[in-house]
Each structure stands twice: as structure tokens, then as C-alpha cells.
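Undergrad: Using the hints, position chains H and A with the ligands against chain W.
Chain by chain, the residues:
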Amino acid sequence: MVCAGIFLVVAGVLTYTIIRFRARRDDVREPAQVYGSNQIEVAWTVIPILIVFVLAMATARVVSAIQNKTAPANALQITVVGHQWWWEIRYPALGIVTANEIYVPVSTPTNPAPTFLKLQSADVAHSFWVPQLSGKTDLIPNRTNTMWIDPRGEGTFLGNCAEYCGTQHANMLLRVIVQSPQDFARWAASQRENATAGAGTAAGRNLFLSLSCVNCHTVKGTGAAGTFGPDLTHLMSRETLASGVVPNTLENLRAWVKDPQVIKPGNLMPDMQLNQRELDEVVSYLSSLK
Amino acid sequence: MATINYIPERVSEQEARISLPSKLHEWLVTVDHKRLGLMYIATSLAFFCVAGSFAALMRAQLAFPNEKLVPPDVFNRLFTVHGTTMVFLVGMPFFAGLANYLVPLMIGARDMAFPRLNAFGYWMFLFGGILLYFSYIGGAGLAGHGTAPDVGWFAYSPLTERAFSRGTSTDYWILSIFVSGIGTTASAINVIATVLCMRCKGMTLPRMPLFVWLMMIVSAMVLMALPPLTAAQVMLLMDRYLGSHFFDTQAGGSAILWQHFFWIFGHPEVYILVLPGFACASEIIPVFSRKPIFGRAAMVGATVAIGFLSFGVWAHHMFSVGMGPVSNIFFAASTMFVGVPTGIKIFNWVATMYGGKIRFDTPMLFCIAFIVHFLLAGLTGIMLAVAPFDWQLTDSYFVVAHFHYTLLGGLMFTLFGAVYYWFPKATGRMLSETLGKWHFWLLLIGFHMTFDTLHFAGLLGMPRRIYTYAPGRGWATLNLVASIGVIVQAAAVACLIWNIVRSLRKGKPAGNDPWDAWTLEWATTSPPPEYNFAVLPEVRSSRPLWDLKHPEDPDWKYE
Amino acid sequence: MTSTIAIPESEWTLPDRGRVGVLCLIATEFALFTIFVVAYIFYIGKSLTGPTPRQVLDLPIWSTICLLSSSITAGRAESALKRNSIRTFQIWTAATILLGLEFLRQTAIEWIHLITVDHLTITTNLFGSTFYALVGLHASHVVIGLTLLTLVLVLSLRGAMYGQARRFELLTWYWHFVDAVWVVVFTVVYVIGR
Ligand code: HEA
Ligand code: HEA
Ligand code: CUA
Ligand SMILES: [Cu+2]
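Protein chains in written order, with my numbering: chain W, 47 to 336; chain H, 67 to 625; chain A, -5 to 188.
By construction, these hints were calculated from the structure, which means they are not laboratory data. It cannot be assumed that every hint is accurate.
Claimed, not checked - Listed below are the simulated DSS-like cross-link pairs for lysine-lysine, each with C-alpha atoms no more than 30 Å apart in a straight line: (1) H:134 x W:304; (2) W:164 x W:336; (3) H:423 x H:134; (4) W:266 x W:304; (5) W:266 x W:164; (6) W:164 x A:40.
Unchecked claim - Covered stretches of chain W (in silico footprint by chain H; criterion: 3 or more residues with CB under 8 Å from a CB of chain H, positions within the stretch not fixed): (7) 87 to 93; (8) 164 to 174.
As the list claims (entries may be wrong) - Some chain A residues close to chain H (C-beta under 8 Å, calculated; not the full set): (9) 6; (10) 10; (11) 119; (12) 120; (13) 148.
For every residue, glycine included, the Cβ atom is placed at its ideal position computed from N, Cα and C.
One chain only, chain W, in its complex shape (with noise of 0.2 Å):
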């Protein structure tokens, strides 16, 4: 606003200097020679100042507001720790551990309910932005930083990684799911649960705990407890894959599966040379772990 003001002031003077000062072809005298003026001169420099002033005013109250503010009691706290190209989503109160997908309840004025994130990064420095609910905050490693979101509404927001963090910084992307308290509460529920083993998956199960995807992914409730990967004990439940780059369906789980180097080129799963039975039973039984 301040901002637009002085654009169109300073623009309309430009303006009108250059169009009552052009230069007439037949006069060729040359204009009056000013070399300055120290009145002129301070009155510019200190009414800046002042609209500098009231500026700076304003922008350390917004920021005591926004950093000083203390968790109440009941905010939900989640850890998100930042991965080369992948979010790891921890609620270490409700025992959660999940990837990509943050759920948070819905916060009203009667009942409020923000919740606070713990950033910290695995790797190398991200940054976790979902515009439609706050700022930016960077995931650094070594480091934890703090921020609160407050969603008003439900609803799916979009988000990105927005420090550049290597190959797929692009396709580092989140969705933060604001769902009411009662829907909220059900989700928790389920996530807490171990894997459900599906019918008829026994042989896929066992392929996939023989297979070196246990080095990197945890299956809670399996033997497969690796941590460089996304948890995949309710891959299911989530709406995408590989941090949002294809609705999570079954071709596109296959075709993950089969090489994900296709789908999102440079990424840190490297191609598992799966035959076409093994991955027919990998993936069936992937797809069963709701």
C-alpha cells in the first residue's frame, strides 16, 4: 500500500517532467543551470525517514507477534524433518510417523486448535511453505526451527520445498490435509495401528521383507524398519506418491515400484530390477497396507 503510493507519486512527477521538459527542435539555448538545493534536499531525505520509520514500527509488532507466540496446552505439535525429496511427518505425541501428508485438525474461534511444527532436515537445508497457511520456514540440518500454523478452514492446501535442495527441489511437494476434529481423531486412530497384513499378500509380504527395501523403508508391525525412505506402513492412506508427483494409484504404484527413476528422474530410490512376479506381489501387497 505505502509501497503503491510512492510509485504513483514519484511516477507522476517522472511523468510530468518528461512531458513539459522535452526538448523543441528550434530552441536551442540551453535551460536555466540549478546545481541543487539543501532545502529540497533534506525535506527528501527526511520524509523517507519518517515513512521508514512508521514502517519498521509496523513490522516488529507483526513479528513479536508472530515469533513470540507460545503453544497453548493443547496444540497439536508435529515434527517434519525435510529429506532430499521427501518430508518425513512425525507426531510424536500420537506415536504417527507418516510422509508427504500432514493431517491437522480444523481450528475455529470458539475452538482453537493451531498446530505447532518442529522443522529439521535430514540432508541439506529445505524450506517448508504452504501459502494458503503461512510463511516460509527453512529446515535446516543441525537445527531446529520452529512455526505455527492456524487453519481456519477445511480443505487440502498445497505446499512446496522452497530452498533449492538439489535435483528434484521441484517436485519436493507437501499437502496439508485440514480435516474436523472428529475425522481428524479417526485418522490418528488408524495411522497408529501396525500394518494390516491383507488377505492373500503373504507372498508379497515376504518378497518385500526379503528385498532391500527394508534397508530404507519401515513397515511398522514387519521387520522392516529402514529410515531413509518414506514409511510405508499406511502408503495407502495417502492421496499421492513420491511427495505428490502422481495421484496414488495402483499403475501408478506399479510403475513406481518398477523404476522410479521414470516418474521423478534423480531421485534417492534407486530402480530395483524387480521381474514382472515379483512385482505383482510386491505391489499387491503394498496395495493392501491401508
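TA: Just chains H and A with the ligands now, kept in the frame of chain W:
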């Protein structure tokens, strides 16, 4: 105008018949400040075309959502090399080139203080530049699949550490900037020594042209601002090759320390880039308004203030790293205060035009556009300085638009103006006005198509440095328009190049003083001889040629 | 047309470009050292593993004395050269070089001890990284200074330094600067950092 006694006799015509190899040899071994200056500027324009073409490729990739033209790692190299080139191989050498060519002429000297150091600086810069591009073939493969750096122009650690950046690409980034930085430092020392020690009689510091003042201030800033970058780069190299832990977060090192060091360099750097632009505008605007610059002393003072303040604002690039509220507020406030001296400069330019008789030749058009662009760019800068605003907009296309407004709309516009203004001096021939107007208007239109739209893309949440984006977020149209704008800009740049090539042969002879200007460089022939002036001039005011042309009302009466 | 303006004959003196150049050089070097010092201070006490400065560093009193007194001898050499007494100049220059060499020798001894006995290398911890970087950067400047001084000595033995006091002065400025930096390094590394 009668002849002025500084003008040398025309040297014999035998010059023209020197064979090509020996001419080439002459340029290679030259220590003449004018030749080195032209070499700097030509090289810098060449790098501008290369980096601009990279930008065009990026825009092509971003024109439509989910496009597959450029793979991700290639794209990341593109913007890294684009940014690095534009800052270190276009902006910096342009400064060095202008300073080299014009400072001795403007202060009535025969050469720079250290001619050989000057040549050394140029070759270091060129070597550094070549090193950056050599990475494309020096690495693993060809055709953009080499190991060009892909860490962004500010190369945040720990992405640059061995663990995350294998191979040699980051080393190319470090070394090329390091080497060209040595060249820039050499130029800066040279400029300061020249200005302080080589002025002609009567050229007291208060009488120096603003251009010279600003170049000296820029040089002083270079001396203080480059070392933090150099130091940080040395630390990074040690991390990568000697196994130290400066930025190694696994061993307790800090990822933020690099950011601090980089921006302690980086923010002064952006003023180092733009002040030469200010310097050109401060020469061109008065001449084409037919009035002396309004508030000379205030202009100098404001520039010095910018120089000092700019070392105290760096963390406005780091509002989102989680600093405490006190630091955030401090850096927000200090950043806004830089707007005050910058505003003084803008007001003084406008006041110079006010009441003048403005001639709209191409150099002046560029300068007027510059004022408007810089005003807007500065105000978006102030918006970014409001920390809560920045949390929303940092690392989005809003920032990209902000700094292209300063760098392209501000810096490059004045530099193009400078090319049109001093080309006659350097070559003895005018650039074509028609092509110049085409260049100006196409660039203006293309620029606004590209970068106005990108502000809105940023406001709509588009992050920077993404090689692709999904449809449906409202960015597609804006990006398409932005990409089309690049075609228009490229046409504009092509006009400039064609204009230069054509005018070198067929341009209208310029004479010594085509713009009826007032500083000393116009007192000698175009192009000036190697020794610049037949007799070293003596001056009594800041506009020596005005004094000569208007003996009835000379400037020195008012000093 | 000759200039119609009568210019009053007045003194027109400008600073010496060599001096300005060297001062500029010193200014950027100063900025360079500042950053290394800041990095050192920033990482004091942040190492995750030992050894710590307290365990392994001793106050380098003797080498400090050597380096600081070499500034005095350099000054003597300079004034001798101004008086054109080349012999005295050579003696003081040689003394300066010897003192500088002794400083380097002490540093070498310290480093060898640190590496072989205390097992502190640049890779050990943050202290090692910052210590070797800062002290090494300073030592490299001592080496540069000594090289130049030796060159001057050789030149003067061949009779080429006669009347070059102004140039030698620039070298002594540089040398004083290297000394001054040592005072800072000493304070930061051996006093504050311990
Ligand atoms: C030539 C280069 C240049 C210049 C001159 C500027 C000038 C300014 N810049 Fe800009 N900036 C960049 C180049 C430049 N910048 C670049 C390259 C980046 C991005 C780096 C990267 O991340 O890659 C950047 C990023 C950047 C950021 C960080 C954004 C982010 O990444 O989060 C900020 C935040 O404060 C900022 C602010 C400013 C301000 C306040 C000015 C001020 O100096 C502007 C002052 C001018 C005016 C204010 C207008 C005229 C004044 C008046 C008419 C007076 C009245 C005004 C008032 C009273 C306010 N800039
Ligand atoms: C001086 C500085 C400068 C200049 C002039 C420019 C000019 C341009 N920039 Fe640049 N840009 C930066 C400095 C600059 N940039 C920096 C510092 C970054 C940050 C990098 C990073 O994030 O690390 C950046 C990043 C950047 C991005 C963001 C990339 C990303 O975040 O993903 C984009 C995207 O649109 C872009 C576009 C452009 C365009 C379209 C131009 C156009 O104006 C270019 C116009 C020029 C041409 C189109 C060339 C014309 C050439 C010819 C016509 C060839 C003719 C040749 C012969 C006849 C031989 N730039
Ligand atoms: Cu993570 Cu960008
Ligand atoms: Cu800045």
C-alpha cells in the same frame, strides 16, 4: 565549438594497414586502459548473450506445465550458470570495463595507475569465465551433461559439501568465481589508485564527475565485500578436499554460517552491480536534460551512505532461516533505511530533468526507463524487507521478479544506455538511432511481458528454481506470457548486436563531442589516442567543457 | 583556441599510487582475515569431539616476541635505507628475516606436536579445522612477506636497492600488517579461545 587544445594531432593513417595477426597480438599484449576496457565490455556482452540464451532455455521449459524439454539436472545447471554468469561475468566486468575506459579520460590522466595489473585483472577474469563454461565439457559428458555446477548462484551449504555434491561441478563454481574475483579485486585497487593519484591539475575530489566518484565507491565496496566470499569459498574447498568441517553439519558445523558469509558479500554485491549503472545514469541524464546534476554533493553522500548501509543488511536474505525476532526486526529496519539514500538519488535524477530541456536520444530513453524500473524494483524490495511479507514471498518468483527489475530493468538498461552514449567516443562512429529505438522499445516490451507477470506468479505461490510445475495452480498463463516476452527481448538484443556490427563499419562519423557534453572524455578525439590527451588538461569546475563552451557563464563561478 | 581560463599556478600534489595500492591491498586482506577470525570465534566450544584448545594449546610467547620484534627491525631497516646506509639496511633486513624464520620454525614445531602427539588434524573436529585454517592463513602471509624480504635482501646485495626507500616502505607496511594480524590471532586463538 572551437577546437580545444587537449585534442591531439590526428595520428598518421598507417595504423589502418597493420596486418590482422599483429593487430590481434597488439590486443593480446595491450596494457592500454581503453583497449582493456573495451575487451572487458565486449566479453561481458558476449557472456550476457550466452547467459541470456540459457535464460531463454529455462523460459522455454517453464512456458507450459509439465513440460519435458529440459531434464531436471540440466535445468538446475542452467539457472546456476545463468545467475553466476550474469552476476560475476556480466555485471562485474561491465563495471571494470567502464571504469577502465572512462575513469582516466574523465580525470584527465594518460592511463590507469597500474597498467599491467590492469591487464592481469582482465585475463584472470576471462580465465575464470572460461573455467565456469569449461565445466560443461570438462566433466563426465558432453552437451550439457557435463558437470556444470547445479547448486544455485548462492550455493548454500551443505548442498555443496562432498556428501551431496560429488564430482567436480561445485569446484568449478568455486574456482571460477575465485579466479575472476582476484581479477576484480585487482581492477578495484587500480581504480582507487587511479582516482586518487592520477587526477589532472585542478581536478579536486569535489570536482570529479559523479561517474568517477561512484566508480571509486564501488571499488572500495569490492575490496571489502569480495573477501567474505573468497574466505567462505576457501573454507568450502578445504571442506571438500582437506576434510575440514566448516559447513559440515554432521560434525557440528553450521549450515547457516555459509549463508551469513555469502550474503555479507552478496548484498553489497548487488549494490556493486547497480552503482555503475547509477554512475552512467548520473552522466547521461544531465547531458540530455541540458542541466547540471541536481545536488551533486547529496548524490555522493547518498552513495557513500548506501555503501556503508549495504554492509549491515545482509540477513534480509535469511528471514526464513529461523533467526530470532530481534535479528529479524533489526535487519528489516536496516534494509528499509537503505531505501532513504537510494530515494535521494532517484529524486535528484528527476530534479535534474525537471526544468531542463530533455532530448530523447536512445541513451536518455534507457535512463528514463531505468528510473521507473528501479523505483518499482526498490519498492518491491521494501516489501520484501517487511519480514512477515518475506516469509511468504522469499524464494518465490516474486523475488525473481524483484531482482530482475533491479538487474535487467535497472542495471542492464543503464548499461545499454551507456553503450549508446560512449560508443561514439570509443569508435568514432555513432550507433544508429533507428536501431537503437527498436532495441529500446522491444526490450522494454519484452522486459515487462516477462517480469511483470512473474511478480504475480510469485504472489500465487510459485517457488523459484523449479524445473517444472503441475497445471491447475494458476501459474500457466503467466508463465507462458513471461516466456513469450523472452523472444521479444532476444530480438531487442539482436538489434543491439546488429547495430554494433553495422555501425562499426557504416556508422555516421561522430566527431569529438556528439552529445555536446561536459566531461573531459569529450575533449579529446574519438577514439582517443593511446596517450589520451595531447596536453594534460587543467580544470576549474566539475564541468570543464561547459566552462570552455560558455566562457560567459562558467561553472567555476558558482563553486 | 587556447583555454581562456587563467588557471592559478598552485601546488598540485597527489598521493603516491604505490601507497594507495598497498593500503587497498591491506584493506581487503583485513576483510579476509576478519572472516576467518569470525569463523574461529563462531566455532569456539562447538566441537563434538576432542581435543579442545585447552588440552593442546600452549601460549606461543617466544614466537610472538620474535614476530613483533621483527616489526621493529623492519622499521630500522627502512630508516636505514632512507639514510642510504645500505650496510645497516642489510643487517636489519637480515635480522627481520631471521626473526620471521624463527617464528615459522616455532609454528612448525607446534603443528608437528599437535599432529603427532595430540592427534589434532584439520579433519579431527571443528577446532582443528578453524585453527589450522586461521593460523595457516596467517603463516602463509608470513611466508609471502619473507619471500619478498629475501628478494629485497638479494637485490640490495647486488646493489639494486639504492634510493628505493619508498618502495621498501610499502613492504614494511605489509609486514607490520602481518604482525598486527598475529596480535589478533594470538588474542583470539590462544587467549579467548582457550
Ligand atoms: C542490483 C541489484 C539489487 C538492488 C539495487 C536491490 C535493492 C534492494 N533489495 Fe534486492 N535483491 C537483489 C538485487 C538487488 N536488490 C537480488 C539479486 C536478490 C535475490 C538474490 C537471490 O536470492 O538470488 C535480492 C533479494 C532481496 C531480498 C530478499 C528476498 C528473499 O530472497 O527473501 C530483499 C529483502 O529485503 C531485498 C530488498 C531490497 C531492498 C530493500 C533494496 C533497496 O536498495 C531498494 C531501495 C530503493 C527504493 C526504496 C526506491 C526508491 C526510493 C524512494 C522513492 C524513496 C521513498 C521510499 C521509501 C520511503 C521506502 N532484495
Ligand atoms: C544481470 C543479471 C541478470 C540478467 C540480465 C538476467 C536476465 C534474464 N533472466 Fe535471470 N537471473 C539472474 C540474473 C540475471 N538474469 C540471477 C542472479 C538469477 C538467480 C539464479 C539462481 O537462482 O541461482 C536469475 C534467475 C532467473 C530465473 C529463475 C530461474 C529459477 O529460479 O528457476 C529466470 C526465469 O525466468 C530468469 C530469466 C531471465 C531472463 C528471461 C532474462 C532476459 O532478460 C535475458 C535476455 C537476453 C537474451 C534473451 C539473450 C539474447 C541473446 C541473443 C539474441 C543471442 C544473439 C547472439 C548472437 C547474434 C551471437 N533468470
Ligand atoms: Cu527440499 Cu527444496
Ligand atoms: Cu540484499
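Undergrad: Now, for every hint given, state plainly whether the structure supports it.
TA: Against the structure, the hints:
Distance hint between residue 134 of chain H and residue 304 of chain W is fulfilled; the C-alpha atoms sit about 21 Å from each other, no more than 30 Å. For the proposed pair residue 164 of chain W and residue 336 of chain W, the alpha carbon gap of about 27 Å is at most 30 Å, so the pair holds. Simply put, residue 423 of chain H and residue 134 of chain H have alpha-carbon atoms about 53 Å apart, too far for the 30 Å limit, and the pair is violated. Among the hinted pairs, residue 266 of chain W with residue 304 of chain W is consistent with the structure: their alpha-carbon atoms are about 23 Å apart, no more than 30 Å.
Proximity of residue 266 of chain W to residue 164 of chain W is assessed by CA-CA distance (about 23 Å); at most 30 Å being required, the pair is judged to hold. For the given pair, residue 164 of chain W sits about 23 Å from residue 40 of chain A by alpha-carbon distance, which is consistent with the 30 Å threshold. Here the segment 87 to 93 of chain W counts 3 residues with a CB under 8 Å from a CB of chain H, which clears the bar of 3, and the coverage holds. Figure legend: the segment 164 to 174 of chain W, annotated as covered by chain H; annotation consistent (5 residues with Cβ-Cβ distances under 8 Å, at least 3 required).
The criterion of a C-beta within 8 Å of any C-beta in chain H is met by residue 6 of chain A, whose closest approach is roughly 5 Å, and the hint holds. Look at residue 10 of chain A: its Cβ gets to within about 7 Å of chain H, closer than 8 Å, so that hint holds up. For residue 119 of chain A, the interface hint holds, the least distance from its beta-carbon to any beta-carbon of chain H being 7 Å, beneath 8 Å. The restraint placing residue 120 of chain A at the interface with chain H holds, with a minimum CB-CB distance near 5 Å, inside the 8 Å limit.
At about 22 Å, the closest approach between the beta carbon of residue 148 of chain A and any beta carbon in chain H exceeds 8 Å, and the interface hint on this residue is violated.
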